[in-house]
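K.L.:
Kindly produce the complete structure, drawing on both the sequences and the hints.
With the first letter of the sequence shown counted as 1, position 24 gets the number 24 in this note's numbering; the numbers rise by one all the way through.
Keep in mind the hints are simulated off the structure, nothing from the lab. Hints may contain errors.
Said to hold, decoys possible - Pairwise CB distance ranges, derived in the manner of DEER restraints:
id, residue 1, residue 2, range
1, Leu49, Gln70, 17 to 27 Å
2, Gly34, Lys62, 35 to 45 Å
3, Ser39, Lys3, 38 to 48 Å
4, Leu20, Ala119, 33 to 43 Å
5, Thr120, Phe86, 37 to 47 Å
6, Thr38, Ala116, 19 to 29 Å
7, Gly88, Pro36, 17 to 27 Å
8, Pro37, Ala121, 14 to 24 Å
9, Cys63, Phe99, 23 to 33 Å
10, Thr120, Val45, 34 to 44 Å
C-beta: ideal position from N, C-alpha, C; glycine also.
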Amino acid sequence: MSKPAFTVKAFGLYVIVLGLCLVLAPNLLLSVFGMPPTSEVWIRVVGLLAFNIGVYYVYAAKCEARAFFQASVYSRVLVLVAFAAFAGLGLASPVLVVFGLADFAGAVWTQLALRAERATA
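P.N.:
Right, dumping it as structure tokens:
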């Protein structure tokens with residue numbers, strides 16, 4: 001497995017675990033981040049979507065899907081920008097930015113791995 005694929009697989013596994021937490025015990029995860037509990041189904045819907053996206057990441061890593069790796073860098077950076085905007089506009093708790101930072105860190109890791117691989121090729 002290439003280094004870029006490893007970064008994408010690691011991020012995919014993180015998203016799978018996050019998704020499972022949101023589906024199975026959303027209020028436990030919310031309480032860890034100081035967010036109010038909810039009985040709405042939407043948090044579980046988001047969890048299922050996150051789980052599915054994580055599966056896509058793991059399979060893309062397995063297939064060494066370079067175009068996906070690069071596209072994921074852009075989309076993960078966008079997550080931080082959007083979450084920061086949501087918090088800044090008062091639409092969401094600033095804690096949401098922590099999740100955006102995880103996406104951003106993963107994007108930087110993948111981008112650095114892609115650049116290193118191109119440099120050695």
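K.L.:
Each of the hints needs a verdict: does it hold here or not?
P.N.:
Verification of the supplied hints:
Distance hint for Leu49 and Gln70: a CB-CB separation of about 22 Å, consistent with the stated range 17 to 27 Å. The supplied range of 35 to 45 Å is met by Gly34 and Lys62, whose beta-carbon atoms lie about 36 Å from each other. Between Ser39 and Lys3 the C-beta distance comes to about 43 Å, which sits within the given range of 38 to 48 Å. Distance hint check: the CB atoms of Leu20 and Ala119 are about 37 Å apart, consistent with the given range 33 to 43 Å.
At roughly 39 Å, the beta-carbon separation of Thr120 and Phe86 lies within the given 37 to 47 Å, and the hint holds. A beta carbon spacing of about 42 Å between Thr38 and Ala116 contradicts the range 19 to 29 Å that was offered as a hint. In this structure, Gly88 and Pro36 meet the distance hint of 17 to 27 Å, their C-beta atoms being roughly 20 Å apart. Distance hint check for Pro37 and Ala121: the Cβ-Cβ separation is about 50 Å, which falls outside the suggested range of 14 to 24 Å.
Here the CB-CB span from Cys63 to Phe99 is close to 26 Å, well matched to the stated 23 to 33 Å. Taken as a hint, the range 34 to 44 Å holds for the pair Thr120 and Val45, whose Cβ atoms sit roughly 42 Å apart.
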